[in-house]
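The residues making up each chain are set out below.
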Amino acid sequence: MLNSALVKDVLHQALSTGGDFSELFVENKRGESLLMRNGVLEEAVSGITYGCGLRIFNGGNCVYAYTNDTDRDSLLRLATQAAAAINKDGGGQVLDFDRKDVPNAHPIRIQHFDVDKKTKIDLLRTAHAAAMEHDSAVSQTTCGYASSVQNVLIANSEGLWAEDTRVRGRATIGAIASNANEKQTGGLNPGALAGFEFMESLNFADLGAEAARIAVTMLRADHCPAGTFPVIIDNGFGGVIFHEACGHSVEATGIVKGASEFAGKLGQKIAADCVNAVDDGTIQGAWGSINIDDEGMAGQKNVLIKDGILTSYLVDKLNGQKMRMAPTGSGRRESYRFAPTSRMTNTFICNGTHTTAEIISATEYGLYAAKMGGGSVNPATGEFNFAVLEGYMVRNGKIAEPVRGATLIGKGGDVLMNIDMIGNNLERAQGICGSVSGGVPTDVGQPMLRVKQMTVGGRS
Amino acid sequence: MDKLINFGSQLLERALQRGFADAEVAIDSGESQSIQILKGEIDKYQNSQSRRVSFRGTYQGKMGQAGSEWIDEAAIDIILDEAMGNAAVIEEEEQHTLFRDFVGENYLEVDGFRPALAEVSTETRIAAALQMEKTVLGSAEVVASDWCGTSYGEGSTLLMNTYGLKLTHRSNGAGGHVSARAVRGGQTKTGGEGWNGKDWSDFDPVKIGEKAVYETVSLLGAKQVASGTYNIVLRNDAFASMLGRYSSVFLADRAQKGLSLLAGREGETIAAECFTLMDSPHYKDKEVPFDSEGVATYDKAIVEKGVFKTFLHNRKTAAKDGVKSTGNAGGRGSIGVTPMNMNVMPGTQSLDQMLSQMGDGLLITDVEGAGSNPISGDFSLIAEGFVVTGGKRGQPVEQITIAGNFFEFLKNIAAVGSDLREDCLSPSVLVKGVSVAGS
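Sequences listed follow chains A and B, in order.
Sequential numbering of the first sequence, starting at 1, is according to the working numbering.
Sequential numbering of the second sequence, starting at 1, is according to the working numbering.
Treat the hints with caution; some may be incorrect.
To be verified - Below, in silico cross-link-like pairs of lysine-lysine (DSS-like), each with a Cα-Cα straight-line distance of 27 Å or less:
#	chain 1	residue 1	chain 2	residue 2
1	B	Lys223	A	Lys322
2	A	Lys88	B	Lys44
3	A	Lys265	B	Lys166
4	A	Lys8	B	Lys166
5	A	Lys265	B	Lys284
6	B	Lys39	A	Lys322
7	A	Lys88	A	Lys29
8	B	Lys44	B	Lys166
9	A	Lys322	B	Lys305
10	A	Lys269	B	Lys166
11	B	Lys166	A	Lys452
Unchecked claim - To be clear about the criterion: a stretch of chain B counts as covered by chain A if any three or more of its residues have a C-beta under 8 Å from a C-beta of chain A, and this derived list gives those stretches:
#	segment
12	8-17
13	34-47
14	151-165
15	181-193
16	317-325
17	335-349
Calculated directly from the structure, the hints in this document are not laboratory data.
Remember, it's a predicted structure, so these values are computed and weren't measured experimentally.
Idealized CB from N, CA, C, for every residue including glycine.
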C-alpha cells in the first residue's frame, strides 16, 4: 500500500522529538450497500475510505494524527507536526521491518464484489416477500445488504510490518406491522467476517418471516408492567446485557483510569459461580473475529470470567504498558480516523447446565425477554439500560402474554451476581459496538439465563 | 483546495464524456485538533486533515452515486464505474434530480469562519483544558476526571454541478468538555459539562469545571423512587436529548415511507399550545446557508403553538408532495432530509418557577438509552434527577425509567421554560402524568 522506505522515514520522523514508539496504520476500504424499502430498491451506495493514522507514544501519553493525503511530502509533514507535540531530547530508532505473514484464519470463498448487485437484490426481495406474506398486519419492510473489503497495513518502530484484508458482509432485515394507530418493528441483522458464501448460507425467507413475526407479536402486545422482578433473557442478542454490563467494564481503557467497577478486581468474585465468559476473536468467520487486531497482533481467545472469578481484562498496547500487562489482541479501531484502544471481539457467556424449559418452569412470575434491542452503559458506575424488542410475561412457570416497551436497567456488578440459572443453548448475534475508537463489528452472545431480579421500565 | 477543485472539475468533465446526462460533485475538507488532559498532563493530542469527494449524476435516467477519500486521477473511473453500477439497479420511480433552477436563490451571506478562533494558540487550548481539570479535581468528593479536553475544527464545503452551480461555505468552531467522577459511601456518580462556540472569550474553563462538579456531586446519595405516575420537569438538555430521538417524525422522507405517525396531519394540533418548534438554519453562529442539494436555507416553524405546520423537505420529497423544498436536504450520496438547527421557542418561566408550578414531582436532568422508537413514538428511557417537593429540589434520584409515547408527551406539556440552552437550543419543559419505573 505504501513502500517500506517511505513508511520507515515517516516512523523515524515521528520519533525525532523523543517519542518512544511510532506506528503507522494505512487503510484502503471499499464498501457497498443496498437498501430495499417495501420491495423497491431505493439506495445503492458505494464508497472508498482511504487514509493513514500515525500514532506516537510519549511515556504513557499518545499523539495521534491522520490524513487522507498520502503523498510523501504530506506524510512527512504529518509526522513532523505530530512530533512537535512532544518535546524531549534525542530521536528514537526505527528497527528494520520484520514482515510477518499471519496465516489467514478466515478464508474467503466468494468475494462480495464479484457477485452481481442483482443477485444480492434478489435475496433482499425474497426476505421482503416472506415478511409481507407472513401476516396482513405487516405494512412495510426494510431490507439491506452491506459488504466491505478493508485492506490494512500496520507498521511500527519496533519493526512490525503486518498486512491484512478483512472482508465482511451483513444483511439487515426489518419489518413493520401497523394498525390504525400504531406501528411496531421487528428485525434481524446477521453478519460475518466472510464472503458471499455467508449470504448463501442464510435463508432470507426465514429472516423476513421472523422479522415479521416479531413486529406482529409486538403490535398485538400490551404495555409491559413496570417494577422489579425476575427476568429471563434468551440467547443470541440477549448477550448484549453481558456486552454492556460487563464487557465494556473489562476494557483496559476504563480500567487504567480506575473508571470501571471492575478495576483492581482481577482474581476476585464478580459474578455468580455459574457464570463463565470469554472474548474470542478467533472463531472462524465470526462477525467480530479478527485475523490480526489494528495494532498488528493476532486475535486470541481470552477467558474473562471463570466460575464467577474475574480472570482477564481486554488490553491494548498503550494501556498494557501502563498496567504492565501483555496486550490481548484487543487493539481495535473503526478506521484510520481513530487511535486504537482495547475493544471486544466476540464476547459471550458460556453454556450452563439448565435446559430452557427448566428455567421457564422454575419462574413463578417475571419477564421473558425473547429478543433484546440495543443498550448502553456508563462503565464508571456500571449503570446500563437495554430495550426489550420482544418480551412476554411469565406466569406460573409458563410463557404468557406478549408485552412491549420494556427497558431493563441496573448495574453490571449487581446483575452478574444475580444470575441464578444459565441454559445450554448458547448462540451469538451481531452488532456494531460504539466506543472511543469508533464503531467496530462485535458478536454478543449467551445461552438463556435468568436474573433473580431486575428493574423493568414500562408503563405502570 | 485548488487540487480538490481541479479533481472535482475533472470528475464532472469525465462523467459527461462517459454518458452521464448531468453530474454533481461535493467536496468536504477539514482540519481539526483535539487535546485531552489526564492528571495534569496531555494524555492524548490529535490532529487531522480530511477530505472526501461525493459524486452524483444521472445515468440512463437514474441517479447514481459514489464517494471517495482517495483523491487521485486513478480514482476517477472507479468512482464513475461505481456510480453507473449503482444507477443501474435503482428501482424507485421517483428519482432524485440535480439542482438547475438556482438562479434567484437567496443565499444567506455569512462567513462561518472566525479568524480569531483559528488563531487561538495550542498553548491556550492546553491551558484551558488543564484549568477545567484542576477545577474539577479541586472538589473534595471528586476522585477523578476521566475525560477532559478542548478541541478546534474547521471545514469547508464546495458544491458544483454541470449546470453551473458553484457554492462554497466554510466554518470553524471550538469546544471544551470535562467529566467528573465522585464517590460517597460506595456509590459512584459521573457527570460533566461542556462548551461549544465560535468566540473563545465566551469559554470560561473554571465555570465549566464548577458546573461539572455540581452536576456530579449533587447526584451523590441518589436512590430509586417508587414506580408510579409523576409530573416531571425535563431539564433543557434532557428535553433536547428526548427531542433528538424523535426528530425523524418531522422529516418528509420518513413520512412518505410510512415511518412517521404525523403523515397527512399538517394543520392539526399535535402538541400543547405552549410548544413551538423551529428549524433555524440561520441561527446565529450555527448558520448553514445552503443544503446538500444547493437549495438556499431559511428559518421556519415546524410546530407553531401546538399546530403541526410543515414537514422538512428536500427537492425530491417536496416534488412528491407538490410543495417547495424547505432547504433541508441532508447527507452526501444518498440525499435524505435533515433538520439544520432544531430549536424550541423558550417560554417565560424560569426553571425554579416551573418547579413551583409543578409542586410535587421529579426534575429529570438526564435521559439515556436505546428505548425510544420513532416509528411508534413509544419510549422507555433510563433517567436521573431529583425529587421535587413543594416546588423545591430535594433527594437525588437514579435507576428509574420514564416511559410513555412521544406524541402524547407533546400534548401533555404544561409549560415551557425561559432557560434556553445555547448548545442544544432547548428550554426545560413541565410535563404532566409520566409513567416512572423504580423500586
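Hints, verified against the model:
1. B/Lys223 <-> A/Lys322: Cα-Cα ~36 Å, so violated.
2. A/Lys88 <-> B/Lys44: Given that 27 Å is the threshold and the Cα spacing comes to 16 Å, the pair holds.
3. A/Lys265 <-> B/Lys166: It is violated: about 60 Å lies between the C-alpha atoms, which goes past 27 Å.
4. A/Lys8 <-> B/Lys166: Since the Cα atoms of A/Lys8 and B/Lys166 sit roughly 42 Å apart, the hinted pair is violated (cutoff 27 Å).
5. A/Lys265 <-> B/Lys284: violated, 50 Å
6. B/Lys39 <-> A/Lys322: holds, 14 Å
7. A/Lys88 <-> A/Lys29: violated, 36 Å
8. B/Lys44 <-> B/Lys166: violated, 39 Å
9. A/Lys322 <-> B/Lys305: Judged against 27 Å, a Cα distance of about 57 Å means the pair is violated.
10. A/Lys269 <-> B/Lys166: violated, 64 Å
11. B/Lys166 <-> A/Lys452: violated, 63 Å
12. 8-17: violated (count 0)
13. 34-47: Contact hint for the segment 34-47 of chain B vs chain A: holds, 8 residues under 8 Å.
14. 151-165: That given contact is violated, which follows from only 0 residues of the segment 151-165 of chain B lying within Cβ reach (below 8 Å) of chain A.
15. 181-193: With 4 residues closer than 8 Å to chain A, the segment 181-193 of chain B meets the three-residue bar; holds.
16. 317-325: violated (count 0)
17. 335-349: violated (count 0)
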